[in-house]
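Trainee: What follows is the residue order along each chain.
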Amino acid sequence: MPVVLLIVLLVLPVANASTPQQHKDYPQGVSSISPGSDLWREVRQRDLPISGITQVQGVESGVLINAEGDRWARFRIENPVRYAPLVLLAVVAILVLFYALRGKVGIEGGLSGRMVKRFTDYERVVHWTLALVFLYLALTGLILLLGRTLLIPLFGHQVFSLLASASKESHNLVGPIFLVSLIMMVFSFARRNIYEKGDLTWLLKGGGFIGKSHVSGGFFNMGEKSWYWMVILIGLAISISGLILVLPNFDQGRVIMAISHVVHVFGAIILIAVSLGHMYMGSIGTEGSIEAMKSGYVDINWVEAHHDRWARQVKENDEVLSVEEFARLHGRKPEPADNAAGQS
Amino acid sequence: MIEYLIKGPFWYFSLAVFCIGVLWQLARIVFTAGKTDLSVARGSATGGAWRNIFSRFVPHPEIAPRIRMQVIAGYMFHLGLFALLFFAAPHVHFLENHLLGFGWTPMPYWAFIVAAQFAFFGLILLWLRRMLNSVSRLISTTGDHIAAILTFVVMLTGCLALGEGFPALNLLHFFTVELLMIYFPFSSLMHAFTFIPSRAFTGAWFGRRGIDA
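Heads up: the sequence lines are chains S and F, in that order.
Counted from 1, the first sequence has number 219 at position 219 by my numbering; the numbering is strictly sequential.
Counted from 1, the second sequence has number 1107 at position 107 by my numbering; the numbering is strictly sequential.
No lab work stands behind these hints: they were computed from the structure.
Be aware that a few hints might be false.
Incomplete in silico selection of chain F near chain S, CB under 7 Å [to be verified]:
{"id": "1", "residue": "Met1069"}
{"id": "2", "residue": "Phe1121"}
{"id": "3", "residue": "Leu1132"}
{"id": "4", "residue": "Leu1160"}
{"id": "5", "residue": "Phe1166"}
{"id": "6", "residue": "Leu1169"}
Restraint ranges, calculated between C-beta atoms of paired labels, are given here [as the list claims (entries may be wrong)]:
{"id": "7", "chain 1": "S", "residue 1": "Asp318", "chain 2": "F", "residue 2": "Ser1140", "range": "31 to 39 Å"}
{"id": "8", "chain 1": "F", "residue 1": "Asn1097", "chain 2": "S", "residue 2": "Arg332", "range": "49 to 57 Å"}
{"id": "9", "chain 1": "S", "residue 1": "Ala273", "chain 2": "F", "residue 2": "Ile1029", "range": "48 to 56 Å"}
{"id": "10", "chain 1": "F", "residue 1": "Phe1013", "chain 2": "S", "residue 2": "Gln57", "range": "29 to 37 Å"}
{"id": "11", "chain 1": "S", "residue 1": "Gly206", "chain 2": "F", "residue 2": "Thr1194", "range": "58 to 66 Å"}
{"id": "12", "chain 1": "S", "residue 1": "Arg332", "chain 2": "F", "residue 2": "Ile1063", "range": "19 to 27 Å"}
{"id": "13", "chain 1": "S", "residue 1": "Lys294", "chain 2": "F", "residue 2": "Thr1194", "range": "29 to 37 Å"}
The C-beta atom is built at its ideal place from N, Cα and C for all residues, glycine as well.
Kindly produce the complete structure, drawing on both the sequences and the hints.
Mentor: In structure tokens:
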């Protein structure tokens, strides 16, 4: 059987080369059965991959055409490429709508100017390293996933091919840095993100959005903890699947590569979508939140509003800094605005 | 036209600024050395210089736990960049064909990628620490930030051009390298040339006075 396949394959180009001449002489066409049709039909349309015998040593080197690969390509075009932009646009639309309706979530009584240390320098470096690397990977990943559909019509093939090459090379190079940052994130934050008593109440009250009563929270609330574990678990899945894709020399077959690709893409889309919400809540969505990752300190009123159990703890331990102490720590004199905030 | 300018006149200009600038800065340091020390020596200046050159590669035990991240990130960045600069195949070929006339065995591709990852990771950690630590931020100058960002941009454009299939990406990397070469002699990046003489000078001064530091 392999010998027959080989002969047919060798004859195929000759048969194909003669086709245009026949069309010219007989414009109405000539009915003839291509000897290759049956062969390709046999090879492509079987449900299971056919493995032949070959002298080439390697994973799946005996497979002439991988029918699963064709199905995977169709799945890729019909699902992630089609729905990823819709999911991301929907998240952006929800956030814009939420901001328009609710506005910035303020703190009752405003900011006091009296600060509490929330994160160390090292923890913030780890957070921002992961964030920057993630943003870069998200951008280059989206170029690779959606560029063919969205960017070619805008910039043309030449510019896109350049962008795609640059994105692919840098995405592969930067990817492992994400994994290392993720591991650093586990060692820095895991202990404080273990679920505890009271977290479920936070979830049942929708983090304060359901009902009017205050929702109790510790150092991290249920929402923050869930986001953290989502980053770690989906991040690990993305990283491992990315390594399988970028290092194809460990004898992994095409099926494993295709599954890894699906895990990689879907994991990334989920993480990008949820990260938009995280970025919104951590910056313009909630008053005083950005300060935690900027200076490492947060206002005591912010702590009382969102993390009352932790607030009681820092007050008991006398960890609240005055306006003057905080300004001195940051090498500046207290400004009138700081004092005004401190007196309010 | 742009390719001609970047690979022609601008390359020679940046090379000239780099060479003359570095020599001028080194000469300035040598010729503005302090007065001769006439005091009676309490120890060996030479010994102190050598001791200081090598002892400063390891942080002082008392402060080591507090600066562990900076030390590790610093080594990752500097060793990674050194390996990239002198042992990445495209750089070795460039130095051989355009500057030195001879080359050496470049490192394998996988080592090139690992070195780049070390350099990137180290630089990101160091620059973020500079931005996020209140004391580091206060003592950092605009020049420090420009140097860090320019170095990062050079590394990033090099990373974008890894495929070597697009001349425009190679040209972009080449152009950013030229910008860095022009900026280099007038910035804190000069420490690449001055860190050993600087350590030697301080060590000699300590050694002559019998200071064990």
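Trainee: Determine for every hint whether it applies to the structure shown.
Mentor: Verification of the hints:
no. : hint                                : result
1   : Met1069                             : holds, 6 Å
2   : Phe1121                             : holds, 5 Å
3   : Leu1132                             : holds, 5 Å
4   : Leu1160                             : holds, 4 Å
5   : Phe1166                             : holds, 5 Å
6   : Leu1169                             : holds, 6 Å
7   : Asp318(S) to Ser1140(F): 31 to 39 Å : holds, 32 Å
8   : Asn1097(F) to Arg332(S): 49 to 57 Å : holds, 53 Å
9   : Ala273(S) to Ile1029(F): 48 to 56 Å : holds, 55 Å
10  : Phe1013(F) to Gln57(S): 29 to 37 Å  : violated, 54 Å
11  : Gly206(S) to Thr1194(F): 58 to 66 Å : holds, 59 Å
12  : Arg332(S) to Ile1063(F): 19 to 27 Å : holds, 26 Å
13  : Lys294(S) to Thr1194(F): 29 to 37 Å : holds, 34 Å
Consistency note: the structure conflicts with earlier hint 10 alone.
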